[in-house]
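Chemist: Knowing the structure of chain A, use the given hints to seat chain B on it.
Chains as they are written, first to last, in this note's numbering: chain A, 1 to 463; chain B, 1001 to 1181.
Rather than coming from a laboratory, the hints here were simulated on the basis of the structure.
All values derive from a computational prediction rather than experimental measurement.
C-beta atoms are modelled at their ideal positions from N, C-alpha and C, and glycine is treated no differently.
Worth double-checking, as some hints may not be accurate.
Just so you have them, the derived chain B footprint on chain A, three or more residues with Cβ under 8 Å [stated by the list, open to error]:
no., segment
1, 53-60
2, 273-279
No farther apart than 30 Å at their CA atoms in a straight line, the calculated lysine-lysine pairs in the DSS-like style are these [as the list claims (entries may be wrong)]:
no., chain 1, residue 1, chain 2, residue 2
3, A, K68, B, K1141
4, A, K68, A, K200
5, A, K196, A, K371
6, A, K299, A, K68
7, B, K1141, A, K446
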Amino acid sequence: MSDRRPVTEQEALRESLRGLETARLPATVPPAQFPIETLVPEVRQQTPAVGQRATRPDARLHGLGQTKYIDDLALPGMLHARIKRAGIAAARIARIDTRAAEAMPGVMAVLTGREIPANSFGPSLQDQPVLADERVRHAGDGVAAVAAVTEEIAAQAVERIVVEYEPLPAVFDPFEAMREDAPRVHPPAGNVYAHKIIRKGDVERALAEADRVFEGRWTTQMVEHVPIEPHAAIAAWDANGRLTVYSTLGRITLGRADIARTLALPVNRVQVVGTIVGGNFGGKNEISQEPVLALLAKKAGRPVKGVFTRGEEFYASTTRHPFFMDYSTGVGRDGRIRARKVRLVLDGGAYCSWSETTLGKACILATGPYKIEHVQVEAFAVYTNKTVAGAMRGFGAPQVCFAYESQMDEIAAALAIDPLEIRLANAFDEGAASPTGQTLESVVVKASLEQAAARFGWREPRS
Amino acid sequence: MTPLRITVNGREHVLPAPPETTLLALLREHLGLTGAKLGCDVGDCGACTVLVDGLAVNACLMLAAQADGRSVLTIEGLATPDALHPIQQAFERHAALQCGFCGPGVILSAKALLDANPAPTAAEIREALAGNLCRCTGYAKMITAVHAAAQALHGATDERSPRATPVPRLPLPGGGTGGPR
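So here's chain A without its partners, still in its complex pose:
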């Protein structure tokens, strides 16, 4: 290999550019098995982006199978972790007996929630324990963890941990959870943990005066991101007591602060290394097992890797919020929307996660891209003893879009107006105001609708 390499960087650069269609920088180190040139991003280079074909610079190593994701990395002496999941929706933890697991050959460390310096995290409310210590709030809560020389031993050891639970009444329906007498997921606090209201104009009077009022409820289900790469992380300490975490985290700066907080470490003693992530979609936007791996690694004195099982991806990672959306829309005979009143209930599951962001964005977007003078949107995020709902593509925008566009179709059908025409009649123009009073610029809703309709022949006679 060395005889192929030009002497200086400049020579390497020049050589790599020779005969290439597009100017790309050379790979500094070609992959050992493949002297095929790797692609690197074109930095600080102004390119006309719109209408151009682009090649992802990372596509070559993806296609060669040379991209290293977390589970493709191994550190010397690395152990494998497994987390014991509660498997019960609501309970007080009476006792955790880890002795049988600790006695197993190959088990190097066992951890419970009480050993975690600051056992809570979350991007807006720190309401989620790293490992449940006193109370289980959903079946996917971790209650203990093991690091062992192989994954198989770790999995067997987790089975030998005995947890005694005192079951508590659980609540699974967000409307039930909103009642005063409902079991509380985080006592003494009530189950409504985020609330927002947007008011513009006089919605009640406008609804009363409208020619027609359309009402409906739309609901969406819980959705798991299902990244093909499960959540994975490796934690390793150096001789100076600094922690390095390799993780599938999408937000490494936020994650770093959360890891430092849970471990009661100054943030400068924590380094988080993000790598290529095998699918995030919002599901890898906050820490999960990282502090557990860090503490196991500290106890064992060896690096520890953790990879979620596909099962854990479903019950122990976050999901998209189920929404319950009630719409009342007052419309004139001409199809113009005069007023829209929306009530949203978000089933947040056991912890807040990104619920506040989701709630806010859903509220702002709930009335759709339409000029409506009288608006009221009220929304609630509610705890239930279910899998945590958090960020997922759009933060609540797809749910409300499903509701308001479904209702637009119902209104169009009832008034015998073409579904495209009713949208064009109501859509935002340049300079329109959002329900929260923001003046909108570069508004192309109508142009986009027209162009789409022309492309798929909406106005052509249908047979």
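Modeler: Structure of chain B alone, referenced to chain A:
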């Protein structure tokens, strides 16, 4: 523990491996070939797809011992030192790889198809990739890429091909527990 004799990417290996070792674990942990991924561990996602004697299998469901005496091709063995394989080239060019995690499996499923059927229809490509899940790009670009690769490899694709060559399935000792598709 009888050592296994397995040819991987044209190179013969004699490896002692515990009987519970899956082919995927053998490749990733014993041979350091991490191109095949563990996605679901139950044969649903196809991220672990490798070719065994030319046929696509889920390496997470196949025991290493079932590959004894066979020839395995992983994504690492597809390119030559000088050039990408035409399927890899087409996937790169047609932006069929986004996060890339499913890519090695998809590319090898496509190879198994194109080896058996040089001019597949879109329906045949869909069928051949049905065992590989992707959550980023959608599948349209992959189908375009496989068409382009067929063109590059064999000079022609025929949308109206009357032949609907089924992808042959891998016969396994003991009735096919290796997840052949």
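Chemist: Does K68 (chain A) pair with K200 (chain A) here, judged by a C-alpha cut-off of 30 Å?
Modeler: Given pair K68 (chain A), K200 (chain A) is violated - Cα atoms ~51 Å apart, limit 30 Å.
Chemist: Assess, step by step, whether the Cα of K68 (chain A) is no farther than 30 Å from the Cα of K1141 (chain B), and give holds or violated.
Modeler: 23 Å, holds
Chemist: Are at least 3 residues of the segment 53-60 of chain A within less than 8 Å of chain B when you compare beta carbons?
Modeler: holds (count 6)
Chemist: Holds or violated: K1141 (chain B) with K446 (chain A), Cα cutoff 30 Å?
Modeler: 29 Å, holds
Chemist: Does the alpha-carbon distance linking K299 (chain A) and K68 (chain A) stay inside the 30 Å limit?
Modeler: With Cα atoms ~27 Å apart, K299 (chain A) and K68 (chain A) stay inside 30 Å; holds.
Chemist: Are there three or more residues in the segment 273-279 of chain A whose C-beta lies closer than 8 Å to some C-beta of chain B?
Modeler: holds (count 4)
Chemist: Under the criterion that the straight-line Cα-Cα distance not exceed 30 Å, is the pair K196 (chain A), K371 (chain A) satisfied?
Modeler: Answer holds: K196 (chain A) to K371 (chain A) is near 21 Å, not above 30 Å.
The structure does not agree with numbered hint 4 stated previously, though it agrees with all others.
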